[in-house]
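Novice: Sequence:
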Amino acid sequence: LFPSSYPSVITVAAIDKQGKKQKDSNFGKNIDISARGWIEDLKEEGTSLAVPRVSGLIAEILMRNKDLSPQDAFEIIKETSDPINDDFYRQGNLGKGVIDIKEALERAKKRGVNVRVAAPIVPENYKVAKELLDILNNI
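For the sequence shown, position 123 (counting from the first letter as 1) is numbered 137 according to the numbering used here, and the numbering increases by one without interruption.
Treat the hints as calculated values from the structure; they're not laboratory data. Yeah, the Cβ is synthetic: ideal placement off N, Cα and C, and Gly gets one too. All the pointers check out, no bait thrown in.
Computed Cβ-Cβ distance ranges for the label pairs, DEER-style:
| # | residue 1 | residue 2 | range |
| --- | --- | --- | --- |
| 1 | Ser83 | Glu54 | 28 to 36 Å |
| 2 | Asp55 | Glu89 | 32 to 40 Å |
| 3 | Asp55 | Asp81 | 35 to 43 Å |
| 4 | Ser22 | Asp81 | 20 to 28 Å |
Using the sequences and the accompanying hints, generate a full structural model.
Specialist: Next comes the structure, spelled out in structure tokens:
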């Protein structure tokens with residue numbers, strides 16, 4: 015049994031620049047959600063870049079609204095995910111879809127919650143965090 019199979023673990027697949035499953039990404043019925051697995055100007059790609067997008071979005075939702083649980087935040091992310099134009103997705107192997115950061119944050123607002131802007135604490139020079147902050151600053 016792999017750690018990703020435990021119910022309390024969020025399993026993430028990576029999507030490439032073409033919007034398909036990234037070639038080395040994990041996939042299967044135990045995947046919960048997918049996220050972009052690449053960053054402009056970097057050669058690296060894969061789930062190591064996709065996972066921080068999901069965890070960072072959960073953290074941002076929770077920092078903006080202290081009344082939500084981590085499970086609530088993840089439900090919002092799944093509810094607002096976008097479909098993926100990929101056979102792996104159509105076969106149920108890439109989770110609920112690819113995260114939609116703006117829509118997830120908008121959905122959190124529509125739940126009648128007190129949403130506060132806060133910057134996530136992340137390592138400096140980490141481009142995923144910069145992209146997330148750019149999106150958040152434009153909402």
